[in-house]
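Enquirer: Quick mapping for you: the protein sequence lines, in order, are chains S and Z.
Using the working numbering, the final residue of the first sequence is 243, and nothing's skipped along the way.
Using the working numbering, the final residue of the second sequence is 289, and nothing's skipped along the way.
Quick caveat, the hints were computed from the structure, so don't treat them as lab data.
There's no promise every hint is true.
Distance condition first, Cα-Cα at most 16 Å in a straight line; then the derived EDC-like pairs of lysine to aspartate or glutamate [stated by the list, open to error]:
1) K72/S <-> D83/S
2) K248/Z <-> E216/Z
3) K37/Z <-> E271/Z
4) K220/S <-> E235/S
5) K5/S <-> E174/Z
6) K288/Z <-> E101/Z
7) K74/S <-> D130/Z
8) K248/Z <-> E224/Z
9) K5/S <-> E167/Z
10) K83/Z <-> E222/Z
11) K202/Z <-> E98/Z
12) K101/S <-> E271/Z
13) K16/S <-> D200/S
14) K72/S <-> D130/Z
15) K101/S <-> E268/Z
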Amino acid sequence: MQLRKVIRIRALLLAKTGLRIGMSRDQMAIGDLDNPVIRNPLTDEPYIPGSSLKGKLRYLLEWSLGGDYILKAKERHVYASPDPQDPVARIFGLAPENDSKSLEVARQRGPTRLLVRDAYLTPDSKEELERTIARGGYLTEIKQEVFIPRLGGNANPRTTERVPAGARFQVEMVYRVLDDLDEAYFGKYLMRALELLELDGLGGHISRGYGQVYFLHPGKPLEAQEGLDLKERLEIQEVALAG
Amino acid sequence: MRATAYYLRFRGPVRELPRATTLLGHLLWWYRYTHGKEALEGLLERLPGTGFRLSSAFPEGWLPRPKLPPIQVEETALRKRLKALTLLSFATFQQVAERGEEALLEAPEVEGKLAPPAPRRLRRARVGIDRATGGARQGILFTQDLLFPTGRYAVYALGEPPFDLREGLRFVGEMGYGGLASVGAGWFQVEEEAPLDLPEAKAPTAYATLSPGPLEGALFYEAEPYWGRLGGGYVGARPFKRPYLRAKEGSVYREPDGYLLLDVTPSEPPEGGVRVWEALQVFPLGVKV
Numbered sequence: 001m002q003l004r005k006v007i008r009i010r011a012l013l014l015a016k017t018g019l020r021i022g023m024s025r026d027q028m029a030i031g032d033l034d035n036p037v038i039r040n041p042l043t044d045e046p047y048i049p050g051s052s053l054k055g056k057l058r059y060l061l062e063w064s065l066g067g068d069y070i071l072k073a074k075e076r077h078v079y080a081s082p083d084p085q086d087p088v089a090r091i092f093g094l095a096p097e098n099d100s101k102s103l104e105v106a107r108q109r110g111p112t113r114l115l116v117r118d119a120y121l122t123p124d125s126k127e128e129l130e131r132t133i134a135r136g137g138y139l140t141e142i143k144q145e146v147f148i149p150r151l152g153g154n155a156n157p158r159t160t161e162r163v164p165a166g167a168r169f170q171v172e173m174v175y176r177v178l179d180d181l182d183e184a185y186f187g188k189y190l191m192r193a194l195e196l197l198e199l200d201g202l203g204g205h206i207s208r209g210y211g212q213v214y215f216l217h218p219g220k221p222l223e224a225q226e227g228l229d230l231k232e233r234l235e236i237q238e239v240a241l242a243g
Numbered sequence: 001m002r003a004t005a006y007y008l009r010f011r012g013p014v015r016e017l018p019r020a021t022t023l024l025g026h027l028l029w030w031y032r033y034t035h036g037k038e039a040l041e042g043l044l045e046r047l048p049g050t051g052f053r054l055s056s057a058f059p060e061g062w063l064p065r066p067k068l069p070p071i072q073v074e075e076t077a078l079r080k081r082l083k084a085l086t087l088l089s090f091a092t093f094q095q096v097a098e099r100g101e102e103a104l105l106e107a108p109e110v111e112g113k114l115a116p117p118a119p120r121r122l123r124r125a126r127v128g129i130d131r132a133t134g135g136a137r138q139g140i141l142f143t144q145d146l147l148f149p150t151g152r153y154a155v156y157a158l159g160e161p162p163f164d165l166r167e168g169l170r171f172v173g174e175m176g177y178g179g180l181a182s183v184g185a186g187w188f189q190v191e192e193e194a195p196l197d198l199p200e201a202k203a204p205t206a207y208a209t210l211s212p213g214p215l216e217g218a219l220f221y222e223a224e225p226y227w228g229r230l231g232g233g234y235v236g237a238r239p240f241k242r243p244y245l246r247a248k249e250g251s252v253y254r255e256p257d258g259y260l261l262l263d264v265t266p267s268e269p270p271e272g273g274v275r276v277w278e279a280l281q282v283f284p285l286g287v288k289v
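Given only the sequences and the hints, what does the whole structure look like? Please build it.
Expert: In structure tokens form, the structure reads like this:
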């Protein structure tokens, strides 16, 4: 098994609607938001964890492939395929069970092919979002929502923090190519997962309009990219390796 | 001591800061993947004789405090400040190497005037998604601690590296160092490579190490039980190497050239005929004891 090349994907991720990736809190102060977004502890800027992006890509690809990925995942966290050529396990990785057969499959399958970085706000997007400070958030909007009891009674308000529509994040992924199959899977499955992400969404409350995202090429004018194929809106760079 | 410094800048969070043994493991997996298995086996045979040493990563301008005999201090507050010091600036390290721990009493670190950059911590919550419903799966909510380092970190090398070290480090940074690399952790860039004189005593009688070393030959040391995980293609179930004891960075040795290729193959090897090795090396900076 030898690493032939790595494929680097760079893009801007545009939040077409408000984007919310929540964080947990050890403690809560009086007057705090009910549902804060995750922030970089060094800069306090909201960001998209690589695990959120990668997990959603995996989930969407599994759903698009259907079958065992859904039916047999009921008992487990994810479906552990016994096939070393399984595209989901190859691309996204899979921790094998502790038995010799699973370990043999894991060895044939090799390492996780896809690495997804944390995505941080672009400098110009951060500058735009600084206007939100006047309205009480820091680079975010505070959205009030109300639960309405069906049989009357007082409305039950809650506050949710989200990154406003229009924010842009720098996305970077690395895909490792070890053999011909990896090469084929890149176009067939990873691209499909990225397309599905644009059709579905990222983060929480997608069914209520949050989290619609769109990829943009970082080196092309943003306004000219609407409607282009996904591949034309990604910066894809192949890096050959020694050996 | 003339060394080559490789300055790293983290582009995202990291589970743990790079340590020499694990970093060398990453580099050897890179070599294995790009040059092939036979080339790696040849490299492992040559490695002990090359004189090449790799350090753990430290904030730029800071080194681990040598584990020299402690001075007796009556005042409780001062004693606690001394005890809390883990990293020393180059200037303080030079003084301590020459004069021992007494030099710490005049150090700006102890007076609170100078401190190394400390990474911020974030506890990130993650959730398993139920494939059938798309919602959060019951019982799979978990948290992971991550470090967000600021500023530059330096890894030092002695001797002639047996491979293109900058290219190897660049690759390791691109692929991510340590745990959670596939979800963005451990991503760093190699910003610069430059020769550098590391501080040390002029007429040393012992040597402080900048990398985890073997217990054999250690004079003053802090022992660390270590139970590392298998890397590369062996990540997964039965992941642990055989546990062993080693000396932490800053430990002091009699001789400068300690090196041990330790067999840490688990009782059930990850693959038939495979041996797993841990390279424990003394990265020596002279001190007076």
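Enquirer: Which numbered hints are broken by the structure, listed smallest first?
Expert: Per hint list: zero violations.
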